[in-house]
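Taken in sequence, the protein lines are chains A, B and C.
Counting with numbering that gives the first Met the number 0, you get residues 0 to 291 for the letters of the first sequence.
Counting with numbering that gives the first Met the number 0, you get residues 0 to 312 for the letters of the second sequence.
Counting with numbering that gives the first Met the number 0, you get residues 0 to 275 for the letters of the third sequence.
Because the hints were derived from the structure by calculation, they are not lab data.
Careful: at least some of the hints might be erroneous.
Said to hold, decoys possible - What the simulated footprint calls covered on chain B by chain C, stretch by stretch (three residues with Cβ under 8 Å from a Cβ of chain C suffice, anywhere in the stretch; the number is not a length):
| id | region |
| --- | --- |
| 1 | 193–203 |
| 2 | 212–221 |
Said to hold, decoys possible - Computed Cβ-Cβ distance ranges for the label pairs, DEER-style:
| id | chain 1 | residue 1 | chain 2 | residue 2 | range |
| --- | --- | --- | --- | --- | --- |
| 3 | B | Glu26 | C | Pro204 | 18 to 24 Å |
| 4 | C | Glu160 | A | Gln11 | 49 to 55 Å |
| 5 | B | Pro191 | A | Pro102 | 52 to 58 Å |
| 6 | C | Asn54 | B | Pro191 | 31 to 37 Å |
| 7 | A | Arg284 | B | Pro150 | 26 to 32 Å |
| 8 | B | Glu26 | A | Arg108 | 22 to 28 Å |
Unchecked claim - With the Cβ distance kept under 8 Å, some of the chain B side facing chain A (calculated, not the full set):
| id | residue |
| --- | --- |
| 9 | Thr74 |
| 10 | Gly141 |
| 11 | Ile226 |
Positions of the beta carbon are idealized from the N, C-alpha and C atoms, including for glycine.
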Amino acid sequence: MNALSGDSPGLQRRRRMDRAFRVLCTTMAWTSVLILAILLLDIIRNGTQWLDLQFLQSFSSRFAHKAGIYAALVGSVWLVGLTAVMAIPVGVATAVYLEEYSPKNRLSRFIEVNIANLAGVPSIVYGMLGLAIFVRAFGFGHSILAGAATLSLLILPVIIIASREAIRAVPQSLRHGSYALGATQWQTIRAHVLPVATPGIITGVILSLSRAIGETAPLVIVGAATYVAFLPEGPLDNFTALPIQIFNWAARPQPDFHDLAAAGIIVLLAVLFVMNGTAALIRFRTQRNRPW
Amino acid sequence: MQEIASAPSLETIRAGLRKRRLRDWRESGVGSLLLVCALVSVLTTIGVIAVLSVETFSFFREVSVADFLFGTRWTPLLEPRSFGVLPLLGGTLLIVAGSSLVAIPLGLGSALYLSEYSSARTRNLLKPILEVLAGIPTVVYGYFALTFVTPILQRVLPQTQVFNAASGTIVVGIMILPMVASLCDDAFRAVPSTLRHGGYALGATRREVSLQVVLPSALSGVLASFILAASRAIGETMAVTLAAGATPNLTLNPLESIQTMTAYIVQVSLGDTPQGTIEYKTIFAVGSLLFLITLAMNLLGHRILRRFQEVYE
Amino acid sequence: MVDPRSLATTEEAPSSSTDVELDSPTILEARGIRFAYSAEGPDVLHGISMEIPENRITAIIGPSGCGKSTLLRLFNRMNDFIPGTDLRGEILYRGVNVYGNEVDPVEVRRRIGMVFQKPNPFPKSIAENIAWGPKINGLDSGASLDERVRRSLEQASLLDEVIDRLDAPGTALSGGQQQRLCIARAIAMEPEVILMDEPCSALDPVSTMRIEDLLFELKKQYTIVIVTHNMQQAARVSDYTAFLENGHLIEYGETNQVFTNPRQQRTEEYVTGRFG
Ligand SMILES: Nc1ncnc2c1ncn2[C@@H]1O[C@H](COP(=O)(O)OP(=O)(O)OP(=O)(O)O)[C@@H](O)[C@H]1O
Ligand SMILES: [Mg+2]
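Produce the entire structure from the sequences given, and follow the hints as far as they go.
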């Protein structure tokens, strides 16, 4: 014992509280991990028994043992494909405009604020926009095209924000080097800025598309069918999608269908896992290869 | 060398000019094209506002604004019809309040752990896990609420109904937890470490520095995170649709079935409601209310956040 | 006379400070301090030994990057917050190793306060800035705490300027006032030692003068260790001066002697290069 051991009762109490608080915060932080583990285990426990080739290759059915997610899986692939085709060019172009072209005026400021706010609009509101514009006004009906157009608008802010960050991370010296060789602005962007920013943009795009795959509410509003016994052949066909099918099964009272929903969730999460893994890999690779 | 320096012929000058004009054309063409793309997002906003207001105005030609905003009975699909939105609003607020009760303490504690206690390695492990939690589709949370949380609640409190606000509340809380944690973590890390050192140099413990120096210094950032997360909870749809029920019910009892604004919109959309009917218009009136509330909260949250970032730029 | 360059290269360089005659009892002592910021990294301090006398002002001078701040922060364990550091040797406070097993770092910092290079008031009111330390350490409460706040402000010669706005935020003061607030904050804890790391480097000459005057006052009650780049300041305020270079203690002695009649050539070059 000595003068510095802090044995005064006051300090001992504070030290105890400090330790207790550390334990509290640590527990809280690891609670998320626990929750995630419980969630995944619950789903795997309930879903794996239904998860087989037949499940992947069958259409939905009134009878649980015959039901599968074939149509939903194919519908989701269609949706994501069309969404990507529509959202990526517009999103990246917007990002390039805002980072490289936009003059510092009111219009640019307005566009920026607007994008930040769009990112916070509830997804169900996008569904209502899609319902009134794409389904009714444009006459797409309850089609894949209407759903994909809606999802495109929904993920546009995410793509824009991620792409802007990637473009901003390109060092200014690269642009100056290009200009010093007499290149124009667009030549500089195409030859130097975009290639360097591409990995970052791809990461953002993948993350936004994985959000699109999981979105349910807007698709319900634009009228994705809950029972589809055929495969879509074109963008104007009716469709269902993975989250819609899961929702439909989960909403039924019979426990068998709940387990089917769990099986569907496993498929959905597997798709998401592959997509996010790819994004993480790209991010990791480029971080390692960057000289700056 | 001499030849190169000699004056170019008229022909080469013309060719050069043509090339330059073409290049200028291309340059300005690209700029305009990009601007058009940037305007898509502006059009989206205009579209949202236009669509919502057109149907909402036509709704208010049949139902008075006061009846809608202050009525306490919501039975738009049954006779006698009544269009008081308060039960839906109440249901939504119940979910927001309950989920905040879950997400705020857990999120704050996690953020303090991440910024003040954890080692870099633990941090690099926990942050991606929080991202995974945030990236799980909401319909999955709905399933989890219905098949896992509710049965547990029913075992503990037998009076719990099959569809109940509590279960939805818990999973919505889990959903917005990563958002609270990561925004608060950002806010804490924006607090300069010189302030922490000032605290430690006065003989403060880590808890005292965390709670009495870091937290107060980051307070506005923390507040912004609560607002933004609550706004997210308000707009959340599938989990509450699946778990909380479809009973517009002005209650404070979380064990009863309720209906949120979003769940009502889904309920109507699942049926086949022809355009022009009053049912069709109700979802836009409810949607407008939802949009306005979340917009106001997001604007407020972002404004506070910007101010906070300016303090410690 | 020892060639300083040989000092800088030999591993077990004998410290030239051991023979310093202090006119006051030792309160703080560094014993063979070697320090690196990471296990693989280079040593930043190479075997520093020096004794700090009670109720005196000791200045630490030396070129940028020589390890002054590092040494200062070792005295009250502020380097604990940097993970992975490597420390050998001992810091003795009244004969007790500050890094000993049963020592609580909180208690160390309670007794050895610190004022930082850049003023870092908490975003709280002036009064709260000062009251916070005594409050959490349970030194005072209520009216006597208010009295302590006033006394500390008085001692830091800040009271007159802020007497009518004690509830204003501490961050709203001028830089010099903020620094005196931070000194008041440290004083309020009634530490025995106050460590100051270039406390005037962010201040104008007038504020600097005021703080120097303040140091003379504080010396009666506290032991002060001050790092400074300002030779005049070191010569004016300190009783003892230590000259550090490349993590070696080149010379340590009575300030007058170090500045007017240094034993080491390196010291002379450094001191005259900027001083003469
Ligand atoms: N946190 C740190 N991590 C790694 N190295 C550090 C750290 N802080 C300081 N160093 C290194 O330790 C050495 C001594 O630094 P220190 O800050 O003690 O110097 P100083 O004498 O205070 O300089 P100055 O007069 O510029 O403040 C320097 O080489 C510096 O680069
Ligand atoms: Mg220093």
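Evaluation of the provided hints:
1. 193–203: holds (count 11)
2. 212–221: holds (count 3)
3. B:Glu26 <-> C:Pro204: 18 to 24 Å: violated, 55 Å
4. C:Glu160 <-> A:Gln11: 49 to 55 Å: violated, 39 Å
5. B:Pro191 <-> A:Pro102: 52 to 58 Å: The hint (52 to 58 Å, Cβ to Cβ) is violated, given that B:Pro191 and A:Pro102 are roughly 34 Å apart.
6. C:Asn54 <-> B:Pro191: 31 to 37 Å: The hinted range 31 to 37 Å holds for C:Asn54 and B:Pro191, with Cβ atoms some 33 Å apart.
7. A:Arg284 <-> B:Pro150: 26 to 32 Å: violated, 44 Å
8. B:Glu26 <-> A:Arg108: 22 to 28 Å: holds, 24 Å
9. Thr74: Because about 21 Å separates B:Thr74 from the closest Cβ in chain A, which is outside the 8 Å limit, the hint is violated.
10. Gly141: holds, 6 Å
11. Ile226: violated, 11 Å
Hints 3, 4, 5, 7, 9, 11 from the earlier list are contradicted by this structure; the remaining hints agree with it.
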